[in-house]
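Protein chains: 2
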Amino acid sequence: MNPRGDSIPESAFKVLEILERSPEPISGEIISNELKITRSAVWKNIKELREMGYEIQSSQKEGYRLVSSSSRLYPYEVQKKLGTAVIGKKMRYLADTPSTNIVGKQLCSDGNLKDLHGTVIIAEEQTGGVGRMGRAWISPAGGIWITIILKPHVPVDHIFMITMAGSVAVARAIRKEFELGALIKWPNDIFIGKKKIGGLLLEMSAEADNVHYCLLGVGIDVNNPVKDFAADLQRDITSISAEVGHDVDRASFLARILKEFENRFQLVESGEYEAITQEWKSLSATLENRVLIRTLKNSFEGEAIDIDEFGALIVKKDNGKLERVIAGDCTHQ
Amino acid sequence: MNPRGDSIPESAFKVLEILERSPEPISGEIISNELKITRSAVWKNIKELREMGYEIQSSQKEGYRLVSSSSRLYPYEVQKKLGTAVIGKKMRYLADTPSTNIVGKQLCSDGNLKDLHGTVIIAEEQTGGVGRMGRAWISPAGGIWITIILKPHVPVDHIFMITMAGSVAVARAIRKEFELGALIKWPNDIFIGKKKIGGLLLEMSAEADNVHYCLLGVGIDVNNPVKDFAADLQRDITSISAEVGHDVDRASFLARILKEFENRFQLVESGEYEAITQEWKSLSATLENRVLIRTLKNSFEGEAIDIDEFGALIVKKDNGKLERVIAGDCTHQ
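Here the protein sequences come in this chain order: X and P. For the first sequence, this note's numbering gives the first residue as 12, with consecutive numbering after it. For the second sequence, this note's numbering gives the first residue as 12, with consecutive numbering after it.
With the rest of the complex left out, here is chain X (with noise of 0.2 Å):
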């Protein structure tokens, strides 16, 4: 993988380079010198740069200028902001996919895992994207959805800390990049106010002691239109550009999630869960609500009142016992 997971080809990227250090309008001609390729190859280069989304001016007389970037998640435009050491480093790029984290399969029962640790796939557009117990979660262009590929240290009974560390740092990025007052509804939602704006999906592969790898699957509405939605789903949910009112830097805010990902991620691994409960619960939507827990056997309602350290939910039911949920879905009442 090239640093830009082969989104942009070879010719066309030596192109923008020039085009990106140049704050003035620059001539085909120069262009050509430098990279001693033919005027014609300049153009089709510049051509297909526009078609990649990124704004290039030209005049007759001044040459071509980078007016802006593309608005697409290309790892050239997400590295270039990025600040982490090992998640993010390594990128793949597709236009469309059916779902990240099935990519993300394949390269991992292809690949070397120790190479693939930290490597984050994207795509613009998912068509067949999966979220909690395999269901349906609708990814159209303008989200951002990606998989990142780990090799963790953790033990098996500790891996939704993984979950939970990408919780909070998709909760914190939203409230850094756009001081939106974004919250966890448990086990894996992203919520502002009382609308669901993104999700997190970890799968693993595992022996009953050995983590294989896992795929952090991360889901989240941006800049794709609300109305697009179904209309009985329009009512719970939103996207960031809807919260503040116009399109966002896609780019860098995937650039902040990671980079706060990576920090919390180190925390796991190192066994601080005590570390990432209490930041887990600061963020926290469910904890001091009624909820009504539905699992595979019962439901039941109760207050939520505390997370423990394997990231089971702990509900004090109306009758005073309390109830510890690992799995299922939890409805705030």
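A couple of the hints might just be wrong.
Copies of one chain are not kept apart here, so a pair can be met inside one copy or by any two copies together.
[To be verified] Below, computed lysine-lysine pairings styled on DSSO-like, alpha-carbon distance capped at 30 Å:
(1) K162 <-> K308
(2) K332 <-> K116
(3) K206 <-> K92
(4) K292 <-> K308
(5) K100 <-> K308
(6) K125 <-> K308
(7) K125 <-> K162
(8) K308 <-> K270
(9) K328 <-> K207
Because the hints were derived from the structure by calculation, they are not lab data. Owing to the predicted nature of the structure, the values given are computational and were not obtained by experimental measurement.
Given the structure of chain X, go ahead and fit chain P onto it with the hints provided.
Relative to the frame of chain X, chain P by itself:
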């Protein structure tokens, strides 16, 4: 998958069925008339069956007689003896493959998990067999090398109960078929006396709170000669044939293992973990032994005194402190 798991071609199988129904020799002419095929086609099928390991006598005067079935682990041969409701009703047969667990992963990622539940993948030989923690598992022809595909209704944190159910099934099957005192060494090996005869490996694909599928790999040294192992391994390894002094019927043995496993798998799915741990304890080579435990973080000695409902070994250290070991290597002192 047809009942023979595609291991016996249709035309040869029809001839085999006729031979199996005929205690007396049967002429090529009768077979040819019954199947409406030529005499030379009958002969070709007989030849093919012989190549597959079926011993068929032929005489000009009397015709063909099946003397003995093939000693290969063809699904048809196992299923003739199978008494299960689900486990092993579907089978895949491979003369050789790198690893039956890898085949299982491919089937599960391509196929419908509900349909695949209970499927048993059988290889005569594995060229890249894998044990715990990615260690090599030597799997020459003559042993039993299988993977059972499961879509279990078992919480992630109790998944090791499936390994335990498998260990109990293998130990019980060895005891019943061959009257050998098989015992289980924590976490997942089968021993006869001080020598290893088999092992299990459970791999899963899961969310933090939802198991997609499990692959239970089982490997047992049966008719494969112990002298084929490296010299330094021979002291520590035994096989069924080495213990009983002759080759045994692998198909009956495998059918028995699958039956014993199905019974116990049902207990696991019903949450009757106590029944599994009780039986496991009664077959344990590890409990009441002095053990050396090596985990990723440290190593220590003590007495193995119990196993809990998650499959963790409880070790009493020399200072009297109890240690719960969920992942690690265990050496008997």
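Tested hints:
1. K162 <-> K308: For K162 and K308, only the inter-copy Cα distance (17 Å) is at most 30 Å; the intra-copy one is 32 Å.
2. K332 <-> K116: neither (41 Å within a copy, 42 Å between copies)
3. K206 <-> K92: within (29 Å within a copy, 58 Å between copies)
4. K292 <-> K308: both (27 Å within a copy, 29 Å between copies)
5. K100 <-> K308: Between. Shortest inter-copy distance 28 Å satisfies the 30 Å Cα cut-off; intra-copy 43 Å does not.
6. K125 <-> K308: Answer is between; shortest inter-copy Cα gap is 20 Å, intra-copy 39 Å.
7. K125 <-> K162: Both. Shortest intra-copy (7 Å) and inter-copy (28 Å) distances satisfy the 30 Å Cα cut-off.
8. K308 <-> K270: between (39 Å within a copy, 27 Å between copies)
9. K328 <-> K207: within (26 Å within a copy, 50 Å between copies)
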